[in-house]
Amino acid sequence: MQSALFTDFYELTMAQGYWRASDRRRAVFDVFFRRQPFGGGYAIAAGLQPLLAALENFRFSQADLAWLESLAMFDPAFLGFLADFRFRGEVWAQGEGSVIFPQVPMLRIEADLIEAQLVEGLVLNYLNFQSLVATKATRIWRASGYGRVLEFGLRRAQGLDGAESASRAAFIGGAESTSNALAGRLFGIPVTGTMAHSWVMTFPSEKEAFEAYAEVFPEKSVFLIDTYDSLGSGIKNAIEVGKSLAVRGKTFGVRLDSGDIEYLSHEVRRALDEAGLADAFIVASNELDEEIIERLVGSGSPVDIWGVGTSLVTGGNEAAFTGVYKLAAVEREGRLEPTMKFSDNPEKSTNPGLKQAWRLYSEKGGAMADLMALAEEDPPEVGKEVALHHPTGDWRFTTLVPARVEALLSPVMKDGRISATLPSLAEIHGSLRERLSSFDSTYLRLLNPHVYKVSISTRLRDLKLTFIDAHFK
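Numbering (the numbering used here), first residue to last: 41 to 513.
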């Protein structure tokens with residue numbers, strides 16, 4: 041069971057207000073984010089499937105209700121109502137691993153006001169953190185040239201659940217394995233790990249430490265060579281032990297966890313090749329991020345595998361994903377009526393109404409723009425000119441002729457139960473590179489990415505302007 045106390049307290053006070061007014065109207069909330077993390081040009085959606093499972097099991101336990109009663113703020117009859125509470129709403133979503141952009145809904149929730157409000161914190165907690173980490177992982181993976189990235193972040197992650205969620209999201213974003221054994225069991229993620237410096241230090245000599253490990257794990261030997269001196273002793277002992285493995289037809293690797301990775305990797309590669317160990321591989325770790333990896337790859341550093349920890353599982357220099365949960369429509373006189381939030385900052389004003397989003401593709405298969413439209417509108421027509429208006433509702437617009445149109449939001453939950461066949465985590469992981477290939481590399485680059493077009497339809501623009509005109513009369 042997922043405790044329904046996992047919510048902001050004001051959701052509970054509002055819920056009692058709705059309950060006392062017998063207000064069980066339907067409402068629609070959009071979940072979207074306002075700006076790309078890391079100064080990038082795209083983000084990766086993650087967290088949906090565990091969120092849906094939590095929504096199915098969102099309940100108040102007797103202990104939860106007893107605690108609420110102890111606060112002396114809630115009507116006993118309202119607490120009785122909460123005893124039978126469960127989420128019975130509908131959810132439409134972009135799938136995990138989707139490439140997503142600001143303002144475009146990641147999720148659309150339709151439920152009665154009490155249900156929709158109580159799950160707000162849960163929804164944002166699942167989607168924001170995992171989308172942040174998945175995006176970071178993809179940036180790191182792309183910086184490595186779609187190379188081999190290992191997630192090493194358990195000990196630096198924010199708490200137990202943060203570590204598990206980060207491992208899951210990193211795998212969605214392109215990491216091929218995790219050091220977190222529990223995440224491996226829970227999510228079916230391949231696990232990886234060899235030795236720490238303490239292993240080397242507990243033996244009389246570095247060579248004996250390597251020999252002992254090779255004896256136990258001849259198929260998976262990776263020697264940590266920087267415990268004492270990477271080039272003075274580490275690589276020499278690794279080569280000596282590695283040659284005995286090579287005679288047996290086994291490959292091995294060495295790991296660099298400190299020092300100048302660019303210089304050391306070249307020197308280590310040269311030493312391995314001169315020793316006739318061209319198949320031996322090099323793993324680099326030590327506070328890596330996408331910018332460091334991109335520079336190392338660009339300089340030709342012969343690193344084969346990248347172990348990334350802190351920066352990956354914490355988001356590095358980005359504290360949080362900017363996902364928000366905003367009311368888009370509410371039931372009045374038996375029908376859903378659009379609503380709109382205004383702000384002194386135009387980019388914080390919301391797009392009203394029940395919406396669908398469409399991705400428009402060129403004849404060459406490249407994504408050209410995302411278009412938000414009212415759900416009741418017909419989809420953009422292939423081969424016909426489509427008007428794309430700037431989402432802030434100003435005068436800017438352009439036109440495109442799509443060769444293919446894709447609906448971005450799909451139904452995944454009905455009456456509070458998962459209603460779609462969802463892909464496995466391995467399938468999500470395996471499809472990411474293909475998803476990214478739909479976008480020109482200028483949108484995906486780390487530095488000064490090209491801005492992808494996010495637009496609204498003419499009808500949505502007109503509806504938005506109607507709200508603006510009425511508000512400022």
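No lab work stands behind these hints, which were simulated from the structure alone. It is possible that some hints are incorrect.
Stated by the list, open to error - Computed cross-link-like contacts, PhoX-like style, restricted to lysine-lysine with a CA-CA straight-line distance of at most 25 Å:
hint	residue 1	residue 2
1	K381	K404
2	K381	K493
3	K404	K388
4	K388	K493
5	K381	K366
6	K454	K404
7	K260	K247
8	K424	K388
9	K283	K260
10	K381	K424
11	K404	K366
12	K366	K454
13	K493	K454
14	K276	K290
15	K276	K404
16	K454	K424
17	K366	K283
- Query: Checking against the hints above, which ones are violated?
  - Reply: Of the numbered hints given earlier, those the structure breaks are 1, 3, 6, 8, 10, 11, 13, 15, 16, 17, listed in rising order.
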